[in-house]
Amino acid sequence: MTQGHVIQHNSNDTNEPIYFFSKGLPGFEQLKEFSLKEHNDTFSLLSAVDQPEVTFITVNPFEFYPDYEFVLPEDTIKEIKVNDEEQVSVRCIVTWHSDRLKVSVNLLAPLIFNTVNSKGKQIILQNTAYTTRHPLWLDSAETGKGGES
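Residues in the sequence shown are numbered from 199 upward in steps of one, following this note's numbering.
Do not take every clue at face value.
Quick list of in silico lysine-lysine cross-link-like pairs, PhoX-like style, CA-CA up to 25 Å [as the list claims (entries may be wrong)]:
(1) K235 with K221
(2) K279 with K235
(3) K317 with K279
What follows is a list of derived Cβ distance ranges for each label pair [to be verified]:
(4) H295 with N238: 28 to 38 Å
(5) D273 with G225: 13 to 23 Å
(6) D239 with D273: 30 to 40 Å
If you are wondering where the hints come from, they were derived from the structure by calculation, not from laboratory data.
A virtual CB, placed ideally from N, CA and C, is assigned to each residue, including glycine.
Model the full structure from these sequences, guided by the hints.
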């Protein structure tokens, strides 16, 4: 079985790959093609090709939650035709907020990408403690305390 913790981040990609989501994304089922563009070392932008105003900020969840782990469902493996775990890349959608302490990441519904055939799917994890609103920065509480030095 393919597990999430073995997936790596490809930061050397200078192209803007287009991924095909056969069922779209929840709430955006009509949109099937999305580009994934590296914004900087931390964030990527997932944008609908047909409606670029539909853009999601995403991150590699393993950079923020090294223990993040899940089993890739068999139906997802078949749907996006994964033959090898090296083909898989994972991103999670970020909910941005002007207050850094309120920026969160959705670990319950990761985006799964097959980097070889450019197919993608958002899955909803079952029987897990993960939620849609984990703090993006775990040190947020400490960095927000105290006054000026």
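task = Given the range 13 to 23 Å, decide if the beta-carbon distance of D273 to G225 lies inside it.
result = holds (21 Å)
key: D273 and D239 - C-beta distance against the hinted 30 to 40 Å   = For D273 against D239, whose Cβ atoms are near 33 Å apart, the range 30 to 40 Å holds.
query = Has the given pair, K317 with K279, been kept, meaning a C-alpha gap of at most 25 Å?
reply = Answer holds: K317 to K279 is near 8 Å, not above 25 Å.
request  = Mind checking the alpha carbons of K235 and K221 for me, to see if they're no more than 25 Å apart?
outcome  = holds (21 Å)
ask   = Holds or violated: are the alpha carbons of K279 and K235 at most 25 Å from each other?
value = holds (22 Å)
inquiry  = Quick check on a hinted range of 28 to 38 Å for H295 and N238, using CB atoms only.
reply    = violated (18 Å)
In the structure shown, a violation is registered for the earlier hint numbered 4 alone.
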